[in-house]
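Student: If you read the protein sequences in the order shown, they are chains A and B. All you need for the numbering used here is the position in the first sequence, starting with 1, plus 300. All you need for the numbering used here is the position in the second sequence, starting with 1, plus 4.
Among these hints, one or two may not hold up.
Said to hold, decoys possible - Computed beta-carbon distance windows for the label pairs:
1. B:V33 - A:A422: 27 to 35 Å
2. A:G467 - B:D201: 31 to 39 Å
3. B:Y174 - A:R424: 29 to 37 Å
4. B:L110 - A:T565: 22 to 30 Å
5. A:F466 - B:E14: 52 to 60 Å
6. B:E203 - A:P561: 37 to 45 Å
7. B:V33 - A:V559: 58 to 66 Å
8. A:N419 - B:G26: 30 to 38 Å
To be clear, the hints were calculated from the coordinates, so they are not data collected in a lab. None of the values given here were measured: they were computed from a predicted structure. The C-beta atom is built at its ideal place from N, Cα and C for all residues, glycine as well.
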Amino acid sequence: MDQFLSLVVSAVLLAGLYAAMAYGLGLIYGVLRIVNLAHGGVIMAGAYTTWVLFTRFGIDPYLAIPIVVPLAFLFGVALYKGLVRFLPRGAAGGVQSLLLLFGVWLVMQNVAYLLFSGNDQAIRTSYSTRGLSLLGVIIPLNRLVVFVIGLLTLAVLHVLLTRTYFGKAIRAVAQNPDSCTLVGIDVERIYTVTFALGTALAGLAGLLLSTLFAFNPSAGAVELLKSFVIVVLGGLGSVVGIALGALVLATVEVFSILVLPSFLTSAVGFVLLVLVLVFRPGGLFGQRVLS
Amino acid sequence: MRTLRQRLPEWLTPWALVAFLGGLGALYVAPLVLGTGAYLHNLMGLTFMFVAGALAWNWVGGYVGQISFGHAAMFGVGGFVSARILLATGMPFVVGWIVGGLVAGLFALLWGHPTLRLRGPYFAIATIGVGEATRLIMTYWEPFTGGASGVSLPIQGGVNKYSLYWYGLYFMAAAVAVSYYLRKSRIGLGLLAIKSDVEAAGDVGVSATYYQDLMLFLSGTFVGIAGAFYASYFSFIEPGDMFGFQRSISFVLMTVIGGIGTILGPALGAVIFVILQEFLIASYPELYLGMYGGLIILIILFEPLGLSGLLVRIARRAGYRPRGQVAGGGVGSAAAGGPAATSEAETTPHMVEEKT
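Let the hints inform the model, and build the full structure from the sequences given.
Tutor: Quick look at the structure:
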């Protein structure tokens with residue numbers, strides 16, 4: 301019973317991180333109809349930026365959020381203005397932008413190898429091994445903080461997208477860019493900001509991951525895949541869908557430890573993906589992602 | 005009396021046949037006449053395998069327009085199945101290759117049938133998942149793959165590297181012929197229809213499911229044979245190399261750099277890939293990923309048809325106008341290897357004509 305409870309707790313904590321990680325990918329796809337293959341690269345870059353700030357300047361990972369997130373945002377702006385803008389969007393341009401962003405990912409990996417070598421790095425703070433005891437379950441402090449930050453991010457995004465004028469403009473562009481031009485929305489600007497916002501979220505996810513796990517320049521592939529699984533599971537419609545998708549994936553992964561050898565847990569997500577595609581191609585909660 | 009044109013099936017023109025047989029013959033005798041050194045000889049054999057692999061990837065990635073980042077799965081399955089057959093039974097290695105290829109093709113169908121209903125970017129990411137899941141399972145399935153320590157192939161009863169050149173040549177010729185057939189025949193038209201608009205294709209009776217499954221099966225089979233060839237060539241394989249993500253993306257790189265959706269392109273790309281790998285990467289291994297990443301970015305931005313598109317552009321500039329379906333050697337010289345000569349410079353721009 302104790303084991304069960306602690307698995308539930310760790311699944312929920314993991315889900316917070318996963319949701320923050322997946323939302324950037326989902327947002328960019330939802331508005332620009334582009335799968336950002338550089339997502340994993342930005343996650344990796346976010347982790348390394350946090351690591352550099354921590355080891356060189358002694359900045360605590362969580363206090364580095366105001367530095368890492370704007371940097372990732374600017375990187376997203378540069379990526380969009382410099383490359384993505386020139387490609388057709390939508391189903392037709394999908395393959396081209398996919399390959400282009402894949403190229404970006406390769407270049408980012410290469411830069412990271414040159415700068416930081418291929419060794420695994422990790423961030424160890426004074427509180428890395430601290431834990432809280434709750435109902436007989438010991439909760440690692442870091443995981444709890446990451447979970448809370450993940451939830452806060454989702455809440456902020458939800459408010460941004462549903463309550464502000466700008467968020468409404470983003471959702472309008474997602475539905476019909478042509479009509480948006482007619483009512484005076486600067487579509488190109490919305491695209492830039494959305495892409496940058498998605499990239500910033502990936503940077504934040506990288507920061508959060510760096511406090512929990514070791515990473516190297518090839519990190520990010522697994523995160524990209526998991527983000528994708530979550531987007532397919534939960535649909536693009538809402539923050540709630542993404543959160544539920546993240547919860548499903550985290551639960552399946554955590555509980556698979558009981559029956560599967562540990563090296564196979566990362567394969568579980570992909571098997572789940574294929575199963576969902578076969579039996580519920582519209583996603584678990586009905587919103588169709590597939591066209 | 006019927007002319008040669010009338011005797012040949014509709015999809016085959018006399019010029020294509022002549023160019024194909026000419027290229028095949030030239031490459032067949034080349035080592036005997038030119039006396040190439042052992043290094044170049046072996047490298048060319050390996051290049052033939054990569055050309056065939058890139059062409060096979062292109063059947064799904066270029067003809068159907070479904071980018072796969074998971075072809076290492078079939079490459080590895082083909083390699084390990086054939087290695088296990090050769091180790092266990094001592095049958096002729098060609099049997100091992102073909103069985104390995106077929107098993108790989110069936111494996112491709114197994115995951116491809118459900119995932120091919122996804123299109124474009126979604127299929128692409130699903131294939132990353134397939135590739136990684138296969139790699140994880142295979143790495144830990146020690147009785148089959150030998151785990152991290154890999155499998156060594158039997159020395160005796162195997163095939164020596166010298167003669168692999170010709171087996172590679174036959175294999176490549178088969179891949180070129182299939183590529184040409186798939187492009188020119190009725191199937192090719194069906195594939196074009198699917199690539200342009202799946203739903204419209206369905207309305208005129210082109211079953212996307214059937215065609216896509218067929219293409220993935222063929223592609224998986226050929227890539228599996230390529231893996232088996234690779235195993236025979238190196239006499240040692242290990243899962244990290246065979247199933248790795250690098251392996252998967254190498255097929256993407258070759259095809260995209262050469263020109264996706266064409267016949268000349270993947271062949272050209274594979275040759276370039278091997279040259280880069282042997283000469284440039286060997287000296288600057290730390291720039292491996294960045295170089296390919298940069299190439300992809302440049303190609304997607306400026307010339308979506310890759311090097312073959314560039315060649316066609318240069319040819320146009322030089323006053324050359326392709327007339328209809330036959331377009332002589334011109335673009336594909338012997339320097340680019342056999343398939344270039346047979347590909348007729350048919351660089352149909354399928355990547356760029358999609359609607360926005």
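Student: For each hint, tell me whether it holds in the structure or not.
Tutor: Here's how the hints hold up against the structure:
| no. | hint | result |
| --- | --- | --- |
| 1 | B:V33 - A:A422: 27 to 35 Å | 59 Å, violated |
| 2 | A:G467 - B:D201: 31 to 39 Å | 34 Å, holds |
| 3 | B:Y174 - A:R424: 29 to 37 Å | 57 Å, violated |
| 4 | B:L110 - A:T565: 22 to 30 Å | 27 Å, holds |
| 5 | A:F466 - B:E14: 52 to 60 Å | 59 Å, holds |
| 6 | B:E203 - A:P561: 37 to 45 Å | 43 Å, holds |
| 7 | B:V33 - A:V559: 58 to 66 Å | 60 Å, holds |
| 8 | A:N419 - B:G26: 30 to 38 Å | 53 Å, violated |
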